[in-house]
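Throughout the sequence shown, residue numbering follows the working numbering, covering 1 to 201 in sequence.
Please note that a few of the clues may not be correct.
Stated by the list, open to error - As a list, the in silico EDC-like pairs of lysine to aspartate or glutamate whose alpha-carbon atoms are at most 20 Å apart:
hint: 1; residue 1: Lys35; residue 2: Glu95
hint: 2; residue 1: Lys146; residue 2: Asp175
hint: 3; residue 1: Lys110; residue 2: Asp158
hint: 4; residue 1: Lys113; residue 2: Glu144
Stated by the list, open to error - Across the chosen pairs, the derived CB separations fall in these ranges:
hint: 5; residue 1: Asp172; residue 2: Thr50; range: 43 to 51 Å
hint: 6; residue 1: Lys124; residue 2: Ser48; range: 22 to 30 Å
hint: 7; residue 1: Ala159; residue 2: Thr41; range: 25 to 33 Å
hint: 8; residue 1: Lys120; residue 2: Ser48; range: 47 to 55 Å
hint: 9; residue 1: Ser87; residue 2: Ser155; range: 46 to 54 Å
hint: 10; residue 1: Ala159; residue 2: Gln102; range: 53 to 61 Å
hint: 11; residue 1: Gly44; residue 2: Gly122; range: 21 to 29 Å
hint: 12; residue 1: Gly44; residue 2: Ile178; range: 50 to 58 Å
hint: 13; residue 1: Arg11; residue 2: Lys120; range: 38 to 46 Å
hint: 14; residue 1: Glu98; residue 2: Leu192; range: 26 to 34 Å
hint: 15; residue 1: Glu98; residue 2: Gly122; range: 38 to 46 Å
hint: 16; residue 1: Ala143; residue 2: Gln4; range: 41 to 49 Å
hint: 17; residue 1: Leu86; residue 2: Glu162; range: 50 to 58 Å
These are calculated hints, taken from the structure and not from any lab test.
C-beta: ideal position from N, C-alpha, C; glycine also.
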Amino acid sequence: MNEQELVEYFRTQMRKDPDMASAVAAIRTLLEFLKRDTGETIFGLRESLTGATDCLTGEDSSVAVSSAGELFLRFISLTSLEHQDLSRCKKVMEERGELFLQKISMSRAKVAKLCHTFIKDGAKILTHSYSRVVLRVLEKAAAEKKRFSVYVTESQPDAAGEQMAEALRKLDIPDQHIQGLDQEGQVQTICLPAEHVLQAA
1 MNEQELVEYF RTQMRKDPDM ASAVAAIRTL LEFLKRDTGE TIFGLRESLT
51 GATDCLTGED SSVAVSSAGE LFLRFISLTS LEHQDLSRCK KVMEERGELF
101 LQKISMSRAK VAKLCHTFIK DGAKILTHSY SRVVLRVLEK AAAEKKRFSV
151 YVTESQPDAA GEQMAEALRK LDIPDQHIQG LDQEGQVQTI CLPAEHVLQA
201 A
């Protein structure tokens with residue numbers, strides 16, 4: 001898989017599911033790269049995966065892509081010390097890669113399940129910009145019949161705050177799009193986007 005194929009595979013993943021986090025698309029791409037790799041040594045395979053991660057980081061410079069690539073490489077390469085046979089080692093790496101992908105794909109739902117309990121009935125919540133994770137938490141809280149309202153700060157230059165306000169309206173969650181923090185005295189809860197968790201946490 002050359003660099004052009006790698007980038008095109010990543011872009012295709014993002015186009016197929018616009019709600020997909022770039023980290024998940026990167027992991028899917030790296031897993032496909034691993035399956036197609038024809039390297040003959042573990043060291044060569046690690047180098048190829050590192051190069052592939054760098055290539056994806058060039059396409060999407062977000063911390064999520066580089067961090068996901070590093071975590072993926074660490075997670076799957078733990079097995080390289082357990083198996084001397086390259087084909088067996090590569091098979092185990094692919095299995096671990098699938099497991100990693102499965103875990104990372106469920107993280108948004110897991111965060112929503114754990115965090116919606118912090119939103120109390122009648123709460124006034126402040127959030128900044130657009131975040132699929134924060135949106136999922138608020139959606140879960142609304143599904144639990146909690147009544148709350150959300151102040152969404154404006155985000156420039158991308159107008160992501162307006163995107164968040166629109167998404168909240170579609171879920172019938174009362175929102176108010178504000179500039180600055182002129183409502184801070186009325187807020188009980190702040191939900192900030194954490195889409196790009198660093199590998200060092």
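message: If I claimed the Cβ atoms of Ala159 and Thr41 lie 25 to 33 Å apart, would that claim hold in this structure?
response: violated (49 Å)
message: A range of 38 to 46 Å was offered for this pair. Does it hold for the Cβ distance of Arg11 and Lys120?
response: holds (42 Å)
Whether the CB-CB distance between Glu98 and Gly122 falls inside 38 to 46 Å: Holds - the Cβ-Cβ distance for Glu98 and Gly122, about 43 Å, lies within 38 to 46 Å.
- prompt: Range hint 22 to 30 Å: satisfied by the CB atoms of Lys124 and Ser48?
  reply: For Ser48 against Lys124, whose Cβ atoms are near 51 Å apart, the range 22 to 30 Å is violated.
Beta-carbon spacing of Ala143 to Gln4 - inside the hinted bounds 41 to 49 Å or not: Holds - the Cβ-Cβ distance for Ala143 and Gln4, about 43 Å, lies within 41 to 49 Å.
query: How does the Cβ-Cβ distance of Gly44 and Gly122 compare with 21 to 29 Å: does it lie in that range?
result: violated (59 Å)
- prompt: At the C-beta level, are Ser87 and Ser155 separated by a distance inside 46 to 54 Å?
  reply: holds (49 Å)
- prompt: In this structure, is the beta-carbon distance linking Glu98 and Leu192 contained in 26 to 34 Å?
  reply: holds (32 Å)
query: Between Gly44 and Ile178, does the beta-carbon spacing fit 50 to 58 Å?
result: holds (53 Å)
message: Quick check on a hinted range of 53 to 61 Å for Ala159 and Gln102, using CB atoms only.
response: With Cβ atoms ~34 Å apart, the hint is violated.
query: Do the alpha carbons of Lys146 and Asp175 lie within 20 Å of each other, as the hint requires?
result: holds (14 Å)
- request: For the range 47 to 55 Å, tell me whether the beta carbons of Lys120 and Ser48 fit it or not.
  value: About 50 Å separates the Cβ atoms of Lys120 and Ser48, which means 47 to 55 Å holds.
Of the numbered hints given earlier, the model fails hints 3, 6, 7, 10, 11; all others are met.
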